[in-house]
Amino acid sequence: MEKLTLNVNGAAHEVECDPATPLLFVLRNTLGLTGAKLGCGLEQCGACTVLIDDEATQCCNRPVGEVADKRIVTVEALANDSMGAAVQQAFIDEGAAQCGYCTTGLVVRATAFLKRNENPGDGDIVAALEDHLCRCGSHGRVLKAIRRAAGGPAHV
Amino acid sequence: MSSPSLKAAPGLDEWISVTGDGRIEVRTGKVDIGQRISTAQAILTAEELDVALDKVDIVRTVTGEAPDEGITSGSNSVMDSGLAVRLAAATARRHMLALAAEQLGVEADTLEVEDGLIQSRATNRSVTYGELQGGRPFGIDIDPAAPVKAPADHKLVGKRTVPRDLPAIVTGTYRFLHDMTMPGMLHARVVRPPHYNARLRGLGDDVVGRMTENGIEVVRDGSFLAVAGPDEYQVIRAAERLANAADWDMGDGLAQPDIYEALTSNPRESRPVENDGVPQDKPVPPLADPPASAVTTLEARYDKPYTMHGTIGPSAGFALYEDDALQVWSHSQGIYFLRSAMAEAFGMEADAIRIEHVPGAGCYGHNGADDAAFDAALIARSLPGKPVLLKWTREEEHAWEPYGTAQSMLMQASLDADGNVVAWSHESYGDTYSMRPRSGPNKAGEARLLSSRFRADPPPVFVAPPAMARHIGIHRNLDPLYAFPDRRLVKNLVRGLPLRTSALRTLGAYANVFAIECFMDELAEAAEADPVTFRLDHLEDERAKDVIRAVAERMDFTADDGLGRGIAFAKYKNLKAYAAVGVELEVTDAAEIVLRRAVLAADAGEVVDPDGVAAQYDGGFLQAASWTLYEQVTWDRDGITSRDWETYPILGFDNVPEMETVLLDRPGEPFLGAGEAVSGPTAGAIGNAIYNAIGIRLRRAPFTPDAIRTAAMDA
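Note that the protein sequences, when read in sequence, are chains B and V. Position 120, counted from 1, in the first sequence is what my numbering calls 120; the numbers after and before it change by one each time, with no gaps. Every number in my numbering is 156 more than the matching position in the second sequence, counting from 1.
Heads up, a few of these hints could be off.
[Stated by the list, open to error] For the chain V half of the interface with chain B, some residues (derived, Cβ under 7 Å), not all of them: (1) V318; (2) L322; (3) I325; (4) D335; (5) M338; (6) Y389; (7) D774; (8) G775; (9) L778; (10) Q779; (11) D800; (12) F809; (13) D810.
[Said to hold, decoys possible] What the simulated footprint calls covered on chain B by chain V, stretch by stretch (three residues with Cβ under 8 Å from a Cβ of chain V suffice, anywhere in the stretch; the number is not a length): (14) 1-15; (15) 36-49; (16) 66-78; (17) 109-115; (18) 140-151.
I should point out that these hints are in silico values taken from the structure, not numbers from a laboratory. Cβ atoms here follow ideal geometry from the backbone N, Cα and C, with glycine treated the same way.
Here chain B stands alone, though its shape is the one from the complex (with noise of 0.2 Å):
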């Protein structure tokens, strides 16, 4: 047991923990922030992505002792961020989730990609959702609402 002082959501939060626990589990059951989503613990799917320094980061594996430091954002603050909060409603716009298990992971992954690509192309988005699966289907949609979010024409 370690304590650590993580940087969450721009707040300072104290915790105690083993520093080898991945960060996913800290942030949902140490610091009730449920967005992230566990569905592989492989670093396969995408569900867990969360910010860290600006990056879009699967955080089912990395411990949270490598993290301490570093400035971690969840999909429970995007909607203060403009992208953000663009990206959100360009997801709700197109109707972009059925389930929605996997459907936060990718509202960050979409969020950090558009704030360092004003223009993106098709085969950009496709490949910056990479790490990314979905099951029911609604990988069209969410095409659509990156696309939508971007300010390029969302019905292409």
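Given the structure of chain B, go ahead and fit chain V onto it with the hints provided.
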């Protein structure tokens, strides 16, 4: 027009209540599994009662409180439950208007309702639903003949609306079962055997002792092994250590027959299927010689492998056992049946068990949900007073969920000189699709819960009888909608197959429609007819023709540009939505299929929530495309080898076609269940498009590059 859901729950109070502040609470037995049923229920309620959509609350489904509507499956949610709610709301409206008329001293038919405010223009007096009925029971039954609004008066039905839970989903505040907490709760994991036939021989005593010292509870019942503790990560590590310390008797291992050989040569129970999809208890008629008018007879065999539900969120269960009562929170599709099975397993009265539905990730049929609920309950019963959140691992979900069976379809058909089908035979072979837990003789409920077979005192093995209802199981959509004069249809429930199976989205319809629709293209070619005309010529149902024409108008099947185009059609169960799918694809030099474009045309009767229906079609198409192009469960003697997303790949974001979804709305017509209509046509259209592109007929899914190269070499 009535709904089967009203037979079990005829009372209006079972479905709808009004609160003092005029909110409308709706209880249903159909649960939200990503198909947006709660959005449709809210629309139907708000429409009939003339209240704002956001004044309707869809209450969580709980045993003993919600109507028992069986399983949320089979594209029945709007057809059954939606209709029940529409009639309930219409009955409630009429009842409250009569009360208002009395109170206001006017005739009921002079009253107008606006957002729950009942007004009399003549007297300028008004009263609200909340004032009239708030907190009071209706005390009447739902009237199946209650007048419902005419389609022309609809303000909400058929209009686009924001899905109820979507804002919460995108902001991360939507609560899945996996997100539940309770003071003092423990996290839990099961330590599974290597495979179905392994049993626990021994476990080092010292490992259990060390874990107990470290605050980890070890639960053992025969070969069922689990750990629980307050810290999820420490529980995961304990489960790994316990797995390493466990000594398993591997028995005979998993059998590894050539599965397609086994499907058609193993012992089986065969039934002829007649009368639009109903199996008959009589001998199977032999395959007759082609009729005298036949000039061409074709035969073909189509196959699909075992496929998995593959939920993105592994199954979970939450349970608390105290004071001889068991509370369970589950994402099961059938909480009443699950309760009956648990009561059987634990020797408890059903009333002593309360199960509440809490959403999980999309399930697409009978996945690990019920099993995980049972696992949580098994653990909780060993740890009275402790709330337990049990989660399956990714590997566990992949290796232990009940798969959709491998299935083989043997086709034979004859054409006359005019290109008409004059004889048709279709035999389907597969394992059962019906292993959902539900109490029955010989502990049939307990026996169908996975972990029961590993307990110290297991129930007798449950052997599923052939499903005999219309369009159930292997014979779902076995009977084609085409107007063939002579048809020989046979379902074969095959015994002795190696893997655990149950209901996967569409049951046998995916495989049967895949075979029928590819074989139709083979016949069309033999008849020198184009696939669209050939289908239209063999259909009598105009609504069926309309969906096919809708695709044909939007996709040029004669284009000669190196791309492949294919079409396929089905009416789900021959009684639900009509769907035609057109696919445009490219077969690359690396023998990979690139989906370029898809047109989905569907007629689901009257549409309540158009974007919700469209989402079901879009999703049904992409999921079925994934099955068709990528998926098959693999195993060896030591267990399932499809254990994660690398060993069981599915469709990613890199093969998503441009999609156009066309809904042929039929206001005033009955609802036709939508959720599963495009899956079979998707497989058919892809198979036909590949043939159109490269002249190779693939008859065994999945259509991987290896399968295409092998077929090219054999061609």
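Now for the hints, and whether the structure bears them out:
| no. | hint | verdict |
| --- | --- | --- |
| 1 | V318 | 6 Å, holds |
| 2 | L322 | 5 Å, holds |
| 3 | I325 | 4 Å, holds |
| 4 | D335 | 4 Å, holds |
| 5 | M338 | 12 Å, violated |
| 6 | Y389 | 4 Å, holds |
| 7 | D774 | 6 Å, holds |
| 8 | G775 | 3 Å, holds |
| 9 | L778 | 3 Å, holds |
| 10 | Q779 | 5 Å, holds |
| 11 | D800 | 6 Å, holds |
| 12 | F809 | 4 Å, holds |
| 13 | D810 | 5 Å, holds |
| 14 | 1-15 | violated (count 0) |
| 15 | 36-49 | holds (count 10) |
| 16 | 66-78 | holds (count 4) |
| 17 | 109-115 | violated (count 0) |
| 18 | 140-151 | holds (count 4) |
Going through the hint list in order, the structure does not satisfy hints 5, 14 and 17.
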